[in-house]
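Colleague: The listed protein sequences correspond, in order, to chains G and X. Letter by letter, the first sequence follows residues 1 to 323 in the working numbering. Letter by letter, the second sequence follows residues 1 to 388 in the working numbering.
In short, the hints are calculated from the structure, not lab data. Be a bit skeptical, because a hint or two may be false.
As the list claims (entries may be wrong) - Between beta-carbon pairs, the in silico distance windows are:
| no. | chain 1 | residue 1 | chain 2 | residue 2 | range |
| --- | --- | --- | --- | --- | --- |
| 1 | G | Ala-295 | X | Glu-249 | 31 to 37 angstroms |
| 2 | X | Glu-70 | G | Gly-50 | 38 to 44 angstroms |
| 3 | G | Tyr-112 | X | Glu-70 | 51 to 57 angstroms |
Cβ coordinates follow ideal geometry from the N, Cα and C atoms, glycine included.
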Amino acid sequence: MTGAPATGVTTDRELRELADKQAALGEVRGVPAADPVNTPMIRHWLDAMGDSNPAYLEKGVAPPAMAQVWTMQGVRSRGRDRSPVDDVLAELDAQGFTGVVATNCEQTYHRYVRLGERLTPATRFSGLAGPKRTALGEGYFATWNVTWYGEADEPVAEMMFRVLKFRPRKRAAPGPQGGQGEGGQGEGGRRPYPLRPAVSRDTEFFWEGVRHGELRVQSCADCGRLRHPPGPVCPACRSTNRSYVTAAGEGTVYSYVVHHHPPVPGRTAPFVVAVVELPEGVRIVGNVVDCPPEAVGIGMSLRVTYRAMDDELILPLWVPRES
Amino acid sequence: MLKSKAAIAGIGATEFTKDSGRSELRLAAEAVFAALDDAGLDPAEVDGMVTYTQDANQEIAVAREVGAGELTFFSRVEYGGGAACGTVAHAAMAVATGAARTVVCYRAFNERSGRRFGQPDARLGGLPTSQGLEMSWHVPFGLMTPAAWVAMFARRYMHVHGATSEDFGRVAVAMRRHAASNPAAWFHGRPLTLEEHQASRWIVEPLRLFDCCQESDGAVALVVTSAERARDLRRSPAVITAAAQGAGEGQMMMTSYYRDGMSGLPEMSVVGRRLWEMSGLGPRDIQTAILYDHFTPFVLVQLEELGFCGRGEAAAFVRDGGIELDGRLPVNPHGGQLGEAYIHGMNGIAEAVRQIRGTSANQLPGVRNVLVTAGTGVPTSGLILSAA
Numbered sequence: 001m002t003g004a005p006a007t008g009v010t011t012d013r014e015l016r017e018l019a020d021k022q023a024a025l026g027e028v029r030g031v032p033a034a035d036p037v038n039t040p041m042i043r044h045w046l047d048a049m050g051d052s053n054p055a056y057l058e059k060g061v062a063p064p065a066m067a068q069v070w071t072m073q074g075v076r077s078r079g080r081d082r083s084p085v086d087d088v089l090a091e092l093d094a095q096g097f098t099g100v101v102a103t104n105c106e107q108t109y110h111r112y113v114r115l116g117e118r119l120t121p122a123t124r125f126s127g128l129a130g131p132k133r134t135a136l137g138e139g140y141f142a143t144w145n146v147t148w149y150g151e152a153d154e155p156v157a158e159m160m161f162r163v164l165k166f167r168p169r170k171r172a173a174p175g176p177q178g179g180q181g182e183g184g185q186g187e188g189g190r191r192p193y194p195l196r197p198a199v200s201r202d203t204e205f206f207w208e209g210v211r212h213g214e215l216r217v218q219s220c221a222d223c224g225r226l227r228h229p230p231g232p233v234c235p236a237c238r239s240t241n242r243s244y245v246t247a248a249g250e251g252t253v254y255s256y257v258v259h260h261h262p263p264v265p266g267r268t269a270p271f272v273v274a275v276v277e278l279p280e281g282v283r284i285v286g287n288v289v290d291c292p293p294e295a296v297g298i299g300m301s302l303r304v305t306y307r308a309m310d311d312e313l314i315l316p317l318w319v320p321r322e323s
Numbered sequence: 001m002l003k004s005k006a007a008i009a010g011i012g013a014t015e016f017t018k019d020s021g022r023s024e025l026r027l028a029a030e031a032v033f034a035a036l037d038d039a040g041l042d043p044a045e046v047d048g049m050v051t052y053t054q055d056a057n058q059e060i061a062v063a064r065e066v067g068a069g070e071l072t073f074f075s076r077v078e079y080g081g082g083a084a085c086g087t088v089a090h091a092a093m094a095v096a097t098g099a100a101r102t103v104v105c106y107r108a109f110n111e112r113s114g115r116r117f118g119q120p121d122a123r124l125g126g127l128p129t130s131q132g133l134e135m136s137w138h139v140p141f142g143l144m145t146p147a148a149w150v151a152m153f154a155r156r157y158m159h160v161h162g163a164t165s166e167d168f169g170r171v172a173v174a175m176r177r178h179a180a181s182n183p184a185a186w187f188h189g190r191p192l193t194l195e196e197h198q199a200s201r202w203i204v205e206p207l208r209l210f211d212c213c214q215e216s217d218g219a220v221a222l223v224v225t226s227a228e229r230a231r232d233l234r235r236s237p238a239v240i241t242a243a244a245q246g247a248g249e250g251q252m253m254m255t256s257y258y259r260d261g262m263s264g265l266p267e268m269s270v271v272g273r274r275l276w277e278m279s280g281l282g283p284r285d286i287q288t289a290i291l292y293d294h295f296t297p298f299v300l301v302q303l304e305e306l307g308f309c310g311r312g313e314a315a316a317f318v319r320d321g322g323i324e325l326d327g328r329l330p331v332n333p334h335g336g337q338l339g340e341a342y343i344h345g346m347n348g349i350a351e352a353v354r355q356i357r358g359t360s361a362n363q364l365p366g367v368r369n370v371l372v373t374a375g376t377g378v379p380t381s382g383l384i385l386s387a388a
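This is chain G alone, in the form it adopts within the complex:
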């Protein structure tokens, strides 16, 4: 990948020092929730989530996943109650890492909270990792933990939250056909790309890899056999212990087509789709881009590239190795 300016050593050291300082503060108590746990908010939340379970309102308890709701600050009142995280995020913004994307959120629930309880949050900044080169751009992963306490000062819920703060590219990454007329960058972000993959627990490692700029090929943790497309069981040894290797990102055209008709949503014809053979010994399908269709041929050397199709989906595509 190109286009992301290298982060200066000074910037990196400053960020690390700040991160260490904030982490050393340990858990910092926030202000108690403005309102106690209440029926109207639960009712709104259930409606918004499409949760028709009557048990919450009947029993007078809040859905555990609402934990964050009770102490969330309003858009305009934000900053009244600063946590150790805010200074780190502000510094990242100042250094040009203005993009943000949430990458992890894990919640743990200790008990249900009841109507009338008033929760108090406490936040611990737990680390900064980076700089990392990602498909979105260069950036840092910031991680923090929030614990919500009840009135007897006992924890009722916890959350680990991680974001990637990244330096946005100067220009939107072009679409597979050069970007004209598809997935254009507008005021409200790019138009959603309509051809989305289904992802299951057997395949999510692949798409997670793509988000990190890695082409991951499933490998059997027992017999080592590589396999693409991946699946839950090793067909060679029945093992369900799965791992992956990160492919070198090179390949050759095994077969290909040039799509002309009928129109495909999210795409501008003509476009090339190829079966790419990897030196690791598996094949994978993807578009060949940055290359006129008539220049593509069986045996052509390719290397992988990662293209953002919209604000969320990144696809691994292929360009001629010479370019």
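Fit chain X to the supplied structure of chain G, relying on the hints for placement.
Modeller: Frame of chain G; chain X shown alone:
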């Protein structure tokens, strides 16, 4: 063993059009009535029904419309057009085991005026079912139409065997020539030249417009009963000498790009081996073949997989006129799906029955055994039908 236990005793169809003007269920009922009338059987005698998983008309719905009574057997066959001969295989097994006595196989759709299979459907890759996940390695890259899935194999076949677009074109030209003299064919009286094929626009390179079969509205139904009973019915039976389904190792729905090669159809090899083994026949015993022709390249590959010619020799086989009505192996005398109609392979089975009976518009002399295949590039099926 299934060999020669059952027979096709009746065939029926609607007209083949681009806009039937009626519901798919009505088309199904009309075809079933026609097939039962052809066999000389009353709807009340039907006790089994088989169709494709993709058919929109449930067996019980068709049974209600035609006035069939109690059903003791019903089943569906998967994988698009790969189901065609599979419906007859299921019916024959039901008859041979006594699960049912009179089984109707049907396929009915408004594939041109209703949902068109050639149009991209963004939902294909959307669900985390095994098929949705399989699609998810292809659909996000815009590889999402049957023509595109097949074109990927066709390109590799050209590379490995030196076949050309003209070699594919000769298949289309032959099918249109056969259709031209078949009054039931959409392209009746409208043959195609190789020049017209070569001048037709790209759909998905290396496939041109005339490499792709047409899209049709219509329905076909078949009546399967025991070979013994069929002998006493109105028509001379087409005995089911062999019937088989087949999926290859590492099979996918239409994107089996991850197996050793991409220039063959291993699933058709599975079907072919089963058919030869069950029937005790070989390629020389077949007077005409109905080869599934949704796209021209796979007609070549089928000739090779079924042993009608050697690997890589199909282009020369076709160039020498091998698949013409007077050729070594006349293929699709009705004009196939390229020429007659796209009824998901079911109309080809009806043509095989006519050839056995001696009643085809393009009747070939001395037909004893007809080999029929179903959808290619998908898990598939096949039949050998014979004169009694």
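Colleague: Run every hint past the structure and note whether it holds.
Modeller: Now for the hints, and whether the structure bears them out:
Taking the beta carbon of each, G:Ala-295 and X:Glu-249 are about 35 angstroms apart, inside 31 to 37 angstroms as hinted. At roughly 43 angstroms, the beta-carbon separation of X:Glu-70 and G:Gly-50 lies within the given 38 to 44 angstroms, and the hint holds. Taken as a hint, the range 51 to 57 angstroms holds for the pair G:Tyr-112 and X:Glu-70, whose Cβ atoms sit roughly 54 angstroms apart.
Violated hints are absent here; each numbered hint is respected by the structure.
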